[in-house]
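Visitor: Residue numbers (my numbering), protein chains in the order written: chain A, 1 to 116; chain B, 1 to 116.
Just so you know, these hints were derived from the structure itself, not from any lab. Please note that the accuracy of each hint is not assured.
Chain B side only, calculated, beta carbon under 8 Å to chain A, not exhaustive [to be verified]:
hint, residue
1, LEU45
2, VAL89
3, LEU104
Which residues of chain A face chain B? A few of them, derived with a C-beta cut under 10 Å, are [claimed, not checked]:
hint, residue
4, THR31
5, TYR33
6, TYR35
7, LYS40
8, LEU43
9, ASN50
10, ILE55
11, ILE56
12, ASP103
13, PRO109
14, ARG112
All of these numbers come straight from a predicted model, not from anything done at the bench. Ideal Cβ positions, reconstructed from N, Cα and C, are used throughout, including at glycine.
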Amino acid sequence: DTAVSQTPKYLVTQMGNDKSIKCEQNLGHDTMYWYKQDSKKFLKIMFSYNNKELIINETVPNRFSPKSPDKAHLNLHINSLELGDSAVYFCASSPYGTRLGTDTQYFGPGTRLTVL
Amino acid sequence: AQKVTQAQTEISVVEKEDVTLDCVYETRDTTYYLFWYKQPPSGELVFLIRRNSFDEQNEISGRYSWNFQKSTSSFNFTITASQVVDSAVYFCALTFGSSNTGKLIFGQGTTLQVKP
Numbered sequence: 001d002t003a004v005s006q007t008p009k010y011l012v013t014q015m016g017n018d019k020s021i022k023c024e025q026n027l028g029h030d031t032m033y034w035y036k037q038d039s040k041k042f043l044k045i046m047f048s049y050n051n052k053e054l055i056i057n058e059t060v061p062n063r064f065s066p067k068s069p070d071k072a073h074l075n076l077h078i079n080s081l082e083l084g085d086s087a088v089y090f091c092a093s094s095p096y097g098t099r100l101g102t103d104t105q106y107f108g109p110g111t112r113l114t115v116l
Numbered sequence: 001a002q003k004v005t006q007a008q009t010e011i012s013v014v015e016k017e018d019v020t021l022d023c024v025y026e027t028r029d030t031t032y033y034l035f036w037y038k039q040p041p042s043g044e045l046v047f048l049i050r051r052n053s054f055d056e057q058n059e060i061s062g063r064y065s066w067n068f069q070k071s072t073s074s075f076n077f078t079i080t081a082s083q084v085v086d087s088a089v090y091f092c093a094l095t096f097g098s099s100n101t102g103k104l105i106f107g108q109g110t111t112l113q114v115k116p
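Throw the hints in and build the complete structure from the sequences for me.
Guide: This is the structure:
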């Protein structure tokens, strides 16, 4: 009965590789997000999707590409991984796309990505 | 500019002490929403409270209470009779109505350590 789930929880990879992180929510929410938490714990939004439509793309390198096959899933694909991509990536979802900016966002458990 | 400042980087208290975590925000919007999230050592982000800009009523939930003051642009969080399980990083966050994107702007976080 997990609300927002992410796989994998840990991801260790070499520089230059391509990897994906998957996110699924079973809350019936319309909007999903990706956030990055750096080593100093600072959280910053990367992307948001509302009903499979991209809403926010926050000056993220184009090596990062979100994909939303349906409104319950938002995956994050990262090409040519760099050392600086090491971070914790959080997926989140919120209920109503028509009231963006008002709804509570519920977060997944996070994926710790380590690039060697 | 929209900004959230949590000036206290780390706070250490002894169990049963009361502790207040400060949050100061900046926004030009008249409609905005403030949040507190908890990140325990296990790493997930747990939603605690949401408050909109038109509701300045303080809120109490068990040992937790929140004081929202528009005059000082603050949304402070108090834990009464702290417990070891309260040890976590606490984030204050802001969304604003005019953005219509749901983008959450986080403060830097305050690490609370409660010692037995």
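Visitor: Hint by hint, say whether it matches the structure.
Guide: Now for the hints, and whether the structure bears them out:
no., hint, result
1, LEU45, "4 Å, holds"
2, VAL89, "6 Å, holds"
3, LEU104, "6 Å, holds"
4, THR31, "6 Å, holds"
5, TYR33, "7 Å, holds"
6, TYR35, "8 Å, holds"
7, LYS40, "8 Å, holds"
8, LEU43, "4 Å, holds"
9, ASN50, "8 Å, holds"
10, ILE55, "5 Å, holds"
11, ILE56, "5 Å, holds"
12, ASP103, "7 Å, holds"
13, PRO109, "5 Å, holds"
14, ARG112, "8 Å, holds"
Checked against the numbered hints given earlier, this structure breaks none of them.
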